[in-house]
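Q: Sequence:
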Amino acid sequence: MGRRGAAWLVAAAAISFAAGVARADPVVTPIEEGIRQQSCDALAASTVGVPQDTSADQSTGVLGALPVAPRGLLPPQIYLRTKRDTFNRRYFFATRGGSIYVQQRTGTDHRWHALILPPCFAGRVSSISVDDDEMIALDGSRRIFTMDNALKDASLFNWTSRWGTPFWTGFGYSLPSGIIAWSWSVVSPSEDGNWTDPARNLHAIGSGKVSHIWALRTGGRRLSFWDPWLPLDESYQMCGPYRGRFRAVNLSASGSTIFVIGPRGDLFTRVYDFDLSGHDRFFFHYSYANQRGKGSSAPIQLPPAAWVHQPKVPGRITSVISIHKVGRNVVHRIIRVAGLDRAGHTGYWQKDIVSLRAGSWRFHRTGLPLRGRLIGNPRRDTPRRGLGRAADIRFAGRVSGARVEVLNFNTYCSPARLRVHPRGGRAFVLVLHNVDGLRQQTRSSGLDDVPREQYGDIEVPRRLLHRAFVKRVLGGRRYSDVTLEVTRGRLQIQELGWTLQRVRRRSGGHHR
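Be aware that the sequence shown starts at 51, since it is given in the numbering used here, and climbs by one per residue.
The hints are simulated quantities; they were obtained by calculation from the structure and are not laboratory data. Mixed in with the good hints, there may be bad ones.
[Unchecked claim] FRET-style restraints, in silico, Cβ to Cβ:
hint: 1; residue 1: GLY147; residue 2: GLU535; range: 49 to 55 Å
hint: 2; residue 1: GLN544; residue 2: ALA339; range: 18 to 24 Å
hint: 3; residue 1: ARG435; residue 2: ARG522; range: 44 to 50 Å
hint: 4; residue 1: ARG512; residue 2: LYS344; range: 16 to 22 Å
hint: 5; residue 1: ASN340; residue 2: GLY147; range: 53 to 59 Å
hint: 6; residue 1: ARG527; residue 2: VAL500; range: 48 to 54 Å
hint: 7; residue 1: GLN491; residue 2: GLY114; range: 24 to 30 Å
Beta carbons are placed, not taken as given, at the ideal position from N, Cα and C, and that holds for glycine.
I would like the entire structure built from these sequences, with the hints used as guidance.
A: Encoded structure:
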């Protein structure tokens, strides 16, 4: 990735200055406290965040020398990626009793072994998630610890508490409260190679990879993500299905693909990450104009990929879901849903996200205890039932010789309708795209009194290109890149000199 590949040397130089300093839990004695703090400080030094070295791998036998897990503590293997059990292409990982255990997926040793964790968080792990070559562990205070080389020999496993700007050298971070589910997502040049954008063009993933923690927040409508290269705040989110109105009950993520399930078994997937989806104009070129057939040298196609409504599972299920990446170019992903077959056998339903036929689900028996509680799963799609209220707001003003209204602006859910009322002419509607830009300073989520800068684009439908307003104000272009500055009270479009004021709803639902 551009910004990450270009910046890794700076990151490596800065690593020695960054260390996590906050202790997640109290300790018993001053000696223990000192040992733990020294361990936390030492976690500043790590290979996390530097370009992946695919040649630095060897079989040392270290894994087999690690302590063997107690008999019966863990299942024979892992089928579903959850907050306690997870896997990548090479290993199964699980956490029990504050410890982390690992098992090889291939070879002759199928025993579970206990990882030797740094004293900083040993015995205090509450949840884990692995994807590609990196694993995240959270302690009881939701403090983030990252393990690198999760696809290599166990002798190369190493941990850091670093998190945040600049370049993954920040002093560390703890996830906020109010999280229903979370998952770690990584794409890399070694495992994925390229992104496939909505125009089906390939774009190379840089050496720094793209790594996000995805979280479903309380209420089931907010989807937050944290990137270790970005500020330590809650300001970045992705729009959920139905413009953020769909209420999900669980989430899983892998390889820049997010998977959610609703309370009645409705399933959605979406390919999305910071670089692919338009947030980083500093290192990438994007375009809302049609780029189909233009190849890898073309700008990345926007808007980003939409949510895909997956077919219902034809059987009894729970809310426990899992996704993992397979293949190259961010196309194929395997989704699984825990459940029962017609005979009542336990296991999971599985399919590839690209297969949208109702009959594409296949059941796999495991013989293990059912994961999660059964939920209602009517045969018909029911995603519109129980939708939340839209978070859209309206701005209006008289600018450029016309009354202009942004009818349904949403910080995280683009686009909005931009209605123009020219003097003496008929009103018409344009499209206003918006997406959060690259920031290095912390800020709040949503809108407040501090201007929020977003990358925007005004799209003109072809049938409206002849309108005098379009020719005079937008130069007759179909697409016009603009910069938005938005607060809770106004929206400014800098390049056009527009300032629109918020139109607040009256108690009866009307605007004023």
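Q: Among the hints numbered above, which are violated by the structure, and what are their numbers in rising order?
A: Hint check: 6 and 7 fail, others pass.
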